[in-house]
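Chemist: One letter stands for each residue in the lines below.
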Amino acid sequence: MECLRLSHPKKSGVAPNATAEVSIDSDVAKITFKGAWLLSDTRTDIAGVVKELNSDFVKKVRFDLSGVTTYDSSLISFLLRVYEASAQKNADFDFKSLPQGPRSLLRLAVAVPEGERKKEVQASNNLIGIISSRAMGVIDDFRSSATFVGEASIAAVKVARHTAHFRMCDLMMLIQRAGPEALPIVGFISFLVGMILGFVGVTSLGMYGSEIFVADLVGIAMVRELGAIMVAIVMAGRTGAAFAAELASMKVNEEISAYRTFGISPMEFLVIPRIIALTLMFPLLTIFADAIALMGGMVVSVGLSDVSMDQYINRTISALTLVQCSTGVGKSIVFGFIVAAVGCRMGMQAQTSSEGVGMATTSSVVESIKLIIITDAIFAIIFVIFGI
Amino acid sequence: MGDAFTNISAENNPVVKGEKNGGDIFNVEGLTMAYGDYTVMRDLNFSVKKGEIFFIIGGSGCGKSTLLRHMIGLIKPAKGTIYFKGENFSGADQRKKTEMLRQFGVMYQGGALWTSMTLAENIALPLTEFTDITEKDLLDMIDLKLSLVGLNGFGAFYPSEISGGMNKRAGLARAMALDPTVLFFDEPSAGLDPVSSRRLDELIMEVRDSLGSTVIVVSHELASISYLADRILFLDASTKTQAQVGTYEELLNSNIKDVRVFMNRGVDPREKDGEAK
Chain A
1 MECLRLSHPK KSGVAPNATA EVSIDSDVAK ITFKGAWLLS DTRTDIAGVV
51 KELNSDFVKK VRFDLSGVTT YDSSLISFLL RVYEASAQKN ADFDFKSLPQ
101 GPRSLLRLAV AVPEGERKKE VQASNNLIGI ISSRAMGVID DFRSSATFVG
151 EASIAAVKVA RHTAHFRMCD LMMLIQRAGP EALPIVGFIS FLVGMILGFV
201 GVTSLGMYGS EIFVADLVGI AMVRELGAIM VAIVMAGRTG AAFAAELASM
251 KVNEEISAYR TFGISPMEFL VIPRIIALTL MFPLLTIFAD AIALMGGMVV
301 SVGLSDVSMD QYINRTISAL TLVQCSTGVG KSIVFGFIVA AVGCRMGMQA
351 QTSSEGVGMA TTSSVVESIK LIIITDAIFA IIFVIFGI
Chain B
389 MGDAFTNISA ENNPVVKGEK NGGDIFNVEG LTMAYGDYTV MRDLNFSVKK
439 GEIFFIIGGS GCGKSTLLRH MIGLIKPAKG TIYFKGENFS GADQRKKTEM
489 LRQFGVMYQG GALWTSMTLA ENIALPLTEF TDITEKDLLD MIDLKLSLVG
539 LNGFGAFYPS EISGGMNKRA GLARAMALDP TVLFFDEPSA GLDPVSSRRL
589 DELIMEVRDS LGSTVIVVSH ELASISYLAD RILFLDASTK TQAQVGTYEE
639 LLNSNIKDVR VFMNRGVDPR EKDGEAK
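Chains as they are written, first to last, in the numbering used here: chain A, 1 to 388; chain B, 389 to 665.
Note that these hints are calculated values from the structure, not bench results. Hints may be right or wrong, so weigh each one.
What the hints assert, rightly or not - Example chain A residues on the side facing chain B (calculated, C-beta under 7 Å, incomplete):
hint : residue
1    : T70
2    : N253
3    : E254
4    : E255
5    : A258
6    : T261
7    : G263
8    : F379
Since this is a predicted model, take the numbers as computed values, not measurements. The C-beta atom is built at its ideal place from N, Cα and C for all residues, glycine as well.
All chains, please: the whole structure from these sequences, using the hints.
Modeler: Okay, structure coming up:
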């Protein structure tokens, strides 16, 4: 018999080239294998063999592989299925009747504890199992979110009572990272968004000779809606994702466990400073983004139409009210909290593997943006109801 | 960058000489560890005596580190109770558990130093959080702890700037920051060359002898076990429960084949001698 060599499947014929025939003598089922047992060749279907083995008489399964000319993993896979069928009906599986090579490989394959293999099969093959495991996943996710919110709330109360433990230097460093260091990217994106709005305004309103109202369009759109949203999206991808990756890596390196074993709450020490930093910085970044976007709109408007800089600035001042400015800045505080809390939650609850770090980072961005859009929609409805 | 160890001894350290006695510091009763529906180990019953070096051993993936994480309160038992100094540790409320945790020092497998802080800050954090120590005393304590593990002068380094072995020793220095009653080690020799591994073993022995701490080590390094262990708990992955608790010699000549084979590096001396059980 030629030893194990892998080959590639290429066809399915009418009659199998590799056969396995079952003959039952009293309580012993003897399976006789013949031919070349290769993945590339047609082989006897396992279902028929298992059906015959399931006969009530069979108490022992033996093998005759003397007719096998060559084999690859297909034979071991076949034998494994026979082993599982035998184990299911408590029939004795005669390893000794197998030649040395297949026997050793099969012993390796069945060395994994039964329970672990069963779990895998249940999870992948059973439709009800898949649905229920997904449902359990959603419940677990909700539970872990609730736990995080609960722990964060307790920590927030401690902050309010000045009993929370975190290092002020960490908070300052986080503020530096979430605030001043984010200005270039926030400014760049906002300036371009302001310019795009300016182009749209000049093109559309120019047809009616109303280019001066580009200041209204850019000003109101940015200050009420887009400024806060653009900052939130940029910061979700920049800082929120960084929080998730940092905390997830700390979890992988057992740094978070080290805090816990010293009796230091990671929620107070790591999460709360991050939430404070982003919640404080978001309104300031939003005001900055609004101002830069207005400049972007002005550059386009002044450059492409007859509106002067003074006219544009005066029109912007008259178009914007304190209420409009407050709505955008007010929303940004909530967005800041969402981005920080989601980033930290994903990091703290990440799986302890490199894949877990990646998943935490991705989930943090996706969940943050989703929640920001949902929250903005809720704000829009509330503002309509209250006529703001 | 040097990687030399400082030779420390009870005589030249300003710490209380330890005293071994027979009192139990940990009692584990009927402990079952599980992840969801999957049982890792069941019905564990053992005690750890004050001042001893107690090893938790077993094959890879048998649940040694999981047991350690139960003993330091990171995971709640599925069943059973862990007592620390006669008090229920596993069922304690958060305030009580935090008090107990301050008596523990844990050295994790990779050191688990806080990477955003220097070695000095790593040691300083528990001291500033839980003591009213003066600035001068704090600096003295940092110097002492770093000296104990042969890292004096490395206080300003970040964990990323030193070697893996030094990270482990810095992890030990941080674990000793609050002069813990119990020191836990998770695979202390993993990833170290034989010489560094032996020196770390000597350090553990010195720490136990000079501080009088109880030491609990998770490992499967037979050389470390034979050198350090007062008593050993063997976890059997096949039966998912404890196989035996005893001294190194008792396990070496155990009547349980799996234990005997493990302790003799995969060879059963009885089968070799023709007296297979």
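Chemist: So, for every hint listed, does it hold in this structure?
Modeler: Results for each hint:
Because the closest C-beta pair between A/T70 and chain B is about 34 Å apart, greater than 7 Å, the hint is violated. Because the smallest distance between the Cβ of A/N253 and any Cβ of chain B comes to about 6 Å, under 7 Å, the interface hint for this residue holds. Hint status for A/E254: holds, given a least beta-carbon distance of 4 Å to chain B, under 7 Å. Hint on A/E255 holds. Least Cβ distance to chain B is approximately 5 Å, under the 7 Å limit.
Residue-level restraint check for A/A258 holds (minimum Cβ-Cβ distance to chain B is 4 Å; threshold 7 Å). Hint status for A/T261 relative to chain B: holds, with the closest Cβ pair at about 5 Å, below 7 Å. Evaluation of the A/G263 hint against chain B yields a held restraint, the C-beta minimum of about 4 Å falling below 7 Å. The interface hint given for A/F379 is violated, since its Cβ lies 35 Å from the closest Cβ of chain B, which is over the 7 Å cut-off.
Comparing the model with each numbered hint stated earlier shows that hints 1, 8 do not hold.
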